[in-house]
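The lines below spell out each chain.
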Amino acid sequence: GENVEQHPSTLSVQEGDSAVIKCTYSDSASNYFPWYKQELGKRPQLIIDIRSNVGEKKDQRIAVTLNKTAKHFSLHITETQPEDSAVYFCAASNAYSGGGADGLTFGKGTHLIIQP
Amino acid sequence: ETGVTQTPRHLVMGMTNKKSLKCEQHLGHNAMYWYKQSAKKPLELMFVYNFKEQTENNSVPSRFSPECPNSSHLFLHLHTLQPEDSALYLCASSQELGSYNEQFFGPGTRLTVL
Chain A
1 GENVEQHPST
11 LSVQEGDSAV
21 IKCTYSDSAS
31 NYFPWYKQEL
41 GKRPQLIIDI
51 RSNVGEKKDQ
61 RIAVTLNKTA
71 KHFSLHITET
81 QPEDSAVYFC
91 AASNAYSGGG
101 ADGLTFGKGT
111 HLIIQP
Chain B
1 ETGVTQTPRH
11 LVMGMTNKKS
21 LKCEQHLGHN
31 AMYWYKQSAK
41 KPLELMFVYN
51 FKEQTENNSV
61 PSRFSPECPN
71 SSHLFLHLHT
81 LQPEDSALYL
91 CASSQELGSY
101 NEQFFGPGTR
111 LTVL
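These protein sequences, in sequence, are chains A and B. 1 is the number of the first residue of the first sequence in this note's numbering; add one for each residue after it. 1 is the number of the first residue of the second sequence in this note's numbering; add one for each residue after it.
In isolation and in its complexed conformation, chain A is listed as follows (with noise of 0.2 Å):
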């Protein structure tokens, strides 16, 4: 099955600094890569998402990269803001898996935190 790695468990920046986390995954055959976001007591939500047939998608202040052949995604925050803080939750799925595991693979989650 899929496995999906996840850095830093922790990143602390200063307010308007950028921020970058970083997602492994394992499966060749994944091509959906999604980013969710937790804020303390919350529930997930989603707040941008790739496939793989891109190399990057950008909304606003942030943006995904994919690296098909390394088999690695990274999320990029810039300017950021107190808002900003959450638990941010990288996942994989093959979105065409015809049936098997339709469910997300999910990293361990970054805690990211926005020093003022």
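Accuracy of the hints is not assured; some may be wrong.
Heads up, simulated DSS-like pairs for lysine-lysine below, C-alpha to C-alpha not over 25 Å straight-line [unchecked claim]: (1) Lys37/A to Lys40/B; (2) Lys37/A to Lys18/B; (3) Lys71/A to Lys58/A.
It should be emphasised that the hints constitute simulated quantities derived from the structure, not laboratory data.
Place chain B on chain A using the hints.
Quick look at chain B alone, frame taken from chain A:
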């Protein structure tokens, strides 16, 4: 609100108790999921249902028993649990399986097993 609700939000039970967790989605989705979230661990997929049919059981112990009477409701029946089963149990739903579908999560049930 994401349209996925879970009850109860908090549950404390003894190892000999039987209880059930309930999830309901109001999004018209066809796929529903149970995840377990423990401290310092990734979200662990437990069960997947598509159109009320179970498509995935991720080696979950039999003391957890899912039930999906229709596409909008999902239950997790609990019996003779262990203290290590204490965790946040999250339900999620998506439009369908086998595609690039966002999963919408419920608020979770915080379970404590004494």
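Going through the hints against the structure:
no.	hint	result
1	Lys37/A to Lys40/B	holds, 16 Å
2	Lys37/A to Lys18/B	violated, 33 Å
3	Lys71/A to Lys58/A	holds, 19 Å
In this structure, only the earlier hint numbered 2 is contradicted, and the remaining ones agree with it.
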